[in-house]
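Respectively, the protein sequence lines represent chains A and B. With the first letter of the first sequence counted as 1, position 188 gets the number 203 in the working numbering; the numbers rise by one all the way through. With the first letter of the second sequence counted as 1, position 33 gets the number 28 in the working numbering; the numbers rise by one all the way through.
Hints were generated in silico from the structure; no laboratory data involved. Everything hinted at is true.
Among the chain B residues that face chain A by a calculated CB cut under 7 Å, a handful are:
no. : residue
1   : Ile155
2   : Ser156
3   : Met166
4   : Asn170
5   : Val172
Note that the structure is a prediction, hence the values are computed from the model and not measured. Just so it is clear, CB atoms sit at the ideal spot from N, CA and C, and this is done for glycine as well.
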Amino acid sequence: MIRLDDVHVTFNKNSPLETRALRGVDLHIPKGQFLTVIGSNGAGKSTSLNVIAGLCRAEKGSVKVAGDDVTDWPVHRRARFLSRVFQDPKMGTCEDLSILENFALAHGRTKPRGIRRAVTSDMRDDAAERLKVLGLGLENRLDDKVGLLSGGQRQAVSLLMAATGDTKVLLLDEHTAALDPKTAEFVLETTKNIVNDLGMTAVMVTHSMVQALHAGDRTIMFHRGKIVFDAMGPERDAMEVGDFLELFKREQGEELADDALLLG
Amino acid sequence: MSLYELLGTLETGFIFGIVALGAYLTFKVLDFPDLTVEGSFPLGAAVAATLMVGGGVNPWIATLLAGFVGFGAGWLTAYLNVRFNILHILSGILVAIALYSINLRIMSGPNKPLLHVDTVFDAFNSFGIPGYIINPIVLGVLIVVIKLALDYMLSTGLGISMRAAGANPAMAEANGVNVGNMKLLGVGLANFLTALAGALFAQTFGAADAYMGIGVIIVGLASVIVGMSILPSGTIFLATIACVVGAVLYRLAVAAALNADFIGLQASDVQMVTAALVAIALIVQQSGVSLFKTARKRGQK
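Isolated chain A (complex conformation):
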């Protein structure tokens, strides 16, 4: 479904601050797989997600989504294949629009945006039904502006928006990091349900090692712009954070020194 071939990204090229964020990344994510991505700050995990989403252009290599070479496509053009949930709940929804209008906007990713009213009665029924599942009472607040909702509520709406329309790939960029633990757990559970129910291909970047190993069905780790760890199936299922650290030390010849990653 998603294929990165020999992707290189360098920030601040030809300046003293030059940073090689990705150094020849090869990654194939088959259809329906839920991949979790982990790594310390600056390892390249978010950059790889941004390369898929189009926010960051690969200077070398190619990006393919659903068989199409999207390497040079702008963000808005890729949106027909990809939905995203941002780290900041305020980023994923438009606070000046109502909940329903946000859903209508998400519908436009795969359906033409016309000069007819964006919000239809079918859309209202559909949004109410899906919001009801969350149990947050948002189905009664469809015409409220999203700016009135809490961070957790906005992130939940953002997730449902990402699952609106026919997009089959979900990109999650540390989407639980800005939430309190209880809300984060709720949002993560909702994510798992959506991915399973709709059979979506998902890529979740996270700072939490536990989350990375316990959610989804494959985990990769970035370190200094390269994938250094890739596990799935029984090997991954049997793995605990301690085993993972041991493996990292053996392969890389150094200790993993990122408190956020370990504590997470």
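Model the placement of chain B on the given structure of chain A, informed by the hints.
Then chain B, alone, in the frame of chain A:
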């Protein structure tokens, strides 16, 4: 203030209400401070006047064509910003400055009197009602139609895309909205309205003038700020009403201030009065004091 003066103020207020709706689209919806209007207002007047006087074109068609030329001016401003990353304010200034010369070319001089030609208002004169009464009525109906059309446009798929592009561009892009195209269309549309207003203003005033754009930006902005700071503007429907009412109130305030001979104000003080009114409206908005809305209590969100 006499009835004649009051109706004249309403007439001008409704015309600038159209400018205010354009300013609402750029400043509030798209978050794109657009200075093109200083050039597109006289552009509309120049195009309509030249078509009507020189080409004998039907006044309605000439007014509409003026609007389309204004759309082109706005589109160009947005294009400079979107394609070449020129700061939006600077793009607007560049186009407005260029339009000053273009307007002189269009009119082959600094002005174009509308002598012995029919205007859009003449069609209604056959009812036997004098112009100073019929003009505000025609303009009032027109602005209601434009307001409702804008409300509808902003509720369509295209409209919510435009609103999202202004409020949260990253989110809009992630949802497949081409933010650049939304700016081109939105700023174009705002200048369509401004040029339309310029064309109508020339027809009530009796001439198009290269200098009639001076201060239009501040009038449009003032109307939006005054309207939205004293009236509820939680929905698009209410916000556009607030803009139009703001434009009328603003003209009334200017007219009243200039009638206040006892404090020594003259007609030439109009720009100073404008600036003072906008400043007061902004201060009122910042401090949360409102005439019709309940003031927020300390500590409440």
